[in-house]
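Using the sequences plus the hints, can you model the full thing?
For the protein sequence lines, the chains are P and C, in the order given. The numbering used here puts the first sequence at residues 8 to 197. The numbering used here puts the second sequence at residues 8 to 197.
Think of the hints as simulated: they come from the structure by calculation, not from any bench. Take the hints with a grain of salt, since some may be wrong.
Copies of the same chain look alike in the list, so a pair counts if it works inside one copy or between any two.
For lysine-lysine, the following DSS-like pairs were computed, each having C-alpha atoms within a straight-line distance of at most 30 Å [what the hints assert, rightly or not]: (1) Lys186 / Lys166; (2) Lys29 / Lys158; (3) Lys29 / Lys43; (4) Lys43 / Lys186; (5) Lys158 / Lys43.
Keep in mind it's a predicted model, so treat the numbers as computed, not measured.
Protein chains: 2
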Amino acid sequence: MAHLSIIGTGNMGQAISGLAAKGGNSVELMNSTETKPVTGDIVILAVPYGSVADVIAQRGEQLAGKIVVDITNPLNFETFDGLTVPADGSAAAVIAAALPQSTVLKAFNTNFGGTLVAGTVGAETTTVLIAGDDADAKALLAGVVTAAGLKAVDAGSLKRARELEAIGFLQITLAAAEKITWTGGLAVTN
Amino acid sequence: MAHLSIIGTGNMGQAISGLAAKGGNSVELMNSTETKPVTGDIVILAVPYGSVADVIAQRGEQLAGKIVVDITNPLNFETFDGLTVPADGSAAAVIAAALPQSTVLKAFNTNFGGTLVAGTVGAETTTVLIAGDDADAKALLAGVVTAAGLKAVDAGSLKRARELEAIGFLQITLAAAEKITWTGGLAVTN
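So this is what it looks like as structure tokens:
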């Protein structure tokens, strides 16, 4: 069991809170404007990428020693044709550079909120892809996911966040173009 | 119906040939060392990315006016930790620049050969993601795919090849690490 702080009460914050609570973990869910210090061992940054810098500015010191999970898809929403982070990097890499005393993971960005709530994507169990450089941190987060009946797959080092963000980006463009639904998307199968 | 030339007789060349023939299209499958001119309206470059330049050097003029399909995943197989094409570009963009008189599409690189043969990924019908700048060309290739009982999804402009190659890359690393099987992988669901 883990203790999670989830910053951001939107679609994804709610879905991840529900998932964590379902698996028997303790959860504090807080609005991004909340000023109370976070108490979780795992902190989920469930805010849009454009708001992450503010959260880090406000809470950077509190996040030292914690597992910080970046779930963002840093799309350029003006052009809908690219990302706002360096092409050879990722939002997760930017966040990890800003939080050198935290263990940063990339996760949940390839999952639409509805698939976390339903536990399924099409006929498949929802799989959360987790990238990061700390195996223990990845295993702890994977345990949160699997305790809720979903699957977790270790997607490799934090460098693979580049690829996870490409997947998240493509998936959003497919849903926006109505090629897939927001309750579907990419499923990971064996 | 279309007439396809498939250059490359490996796993993927065979799978795409079988798929195209199954759907009632005419297919010529040739080894990459074959010197006979291609006759297909659609030419599939089913060779490793490292061999594409040779094919283009040999056949560039023959490919003018044709639909050329890039299926490659340009992994750096020494490091297994990145791609050999620019991070903000793609193999497809490199190929399109080398073949300005061809209509280049990116397709099949997110499908393992086995899933093209089986027609399924897990419990889902195999979906071929197709990116390109020419809607008619994409529709023609999609018709080849759907005639064989698979699904095709328009993944957007050729620029989205960057994201398709990121998906292909991640999927290969997951299979190589035995997180998924070579008969599974990412499925597209509605």
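Consistency of the hints with the structure:
no. : hint            : verdict
1   : Lys186 / Lys166 : both (29 Å within a copy, 17 Å between copies)
2   : Lys29 / Lys158  : within (14 Å within a copy, 35 Å between copies)
3   : Lys29 / Lys43   : within (24 Å within a copy, 62 Å between copies)
4   : Lys43 / Lys186  : neither (41 Å within a copy, 39 Å between copies)
5   : Lys158 / Lys43  : neither (32 Å within a copy, 49 Å between copies)
Checked against the numbered hints above, the structure breaks hints 4 and 5 and satisfies the rest.
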